[in-house]
Amino acid sequence: MYAIVNIQSLQFRVETDHKVRVPLIDGNAGDQLTFDEVLLLNDGAQTTIGAPRVAGAAVTAEIVGHGLADKVHVFKKKKRQNYRRNRGHRQAFTEIRITGITA
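If you count by my numbering, then the sequence shown holds residues 6 to 108, one letter each, in order.
By construction, these hints were calculated from the structure, which means they are not laboratory data.
Computed from a predicted model, the values in this text were never measured in an experiment.
Backbone N, C-alpha and C define an ideal beta-carbon position, used for all residues, glycine too.
One or more hints might be untrue.
What the hints assert, rightly or not - Here are the simulated distance ranges between beta carbons:
hint, residue 1, residue 2, range
1, 65, 91, 38 to 46 Å
2, 55, 78, 38 to 46 Å
3, 94, 49, 36 to 44 Å
Could you put together the complete structure from these sequences and hints?
Structure follows, in structure tokens:
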């Protein structure tokens, strides 16, 4: 069974007991979350597509931890001007484990 769920304006394909990295969510490790914005639900035999959401469906998850993604380097340069800028950015994320999908 899998579902496509909308979490903070991003769509994720989730299955039970899978870990997913989502944008930073307030909460501590071990906290339970419920996402009711399920866009598609597949139970193995039948696929239900929401218009725009599947009624009565929800995904429950548990926060595993928080972290920072790998560094992205942004390098700007203007030729012959001795202008060089090197910036880095690390996006914060929350890792969640899907504990259940209910229809």
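Quick rundown of the hints versus the structure:
{"no.": "1", "hint": "65 with 91: 38 to 46 Å", "result": "43 Å, holds"}
{"no.": "2", "hint": "55 with 78: 38 to 46 Å", "result": "39 Å, holds"}
{"no.": "3", "hint": "94 with 49: 36 to 44 Å", "result": "40 Å, holds"}
Every hint from the earlier list agrees with this structure, and none is contradicted.
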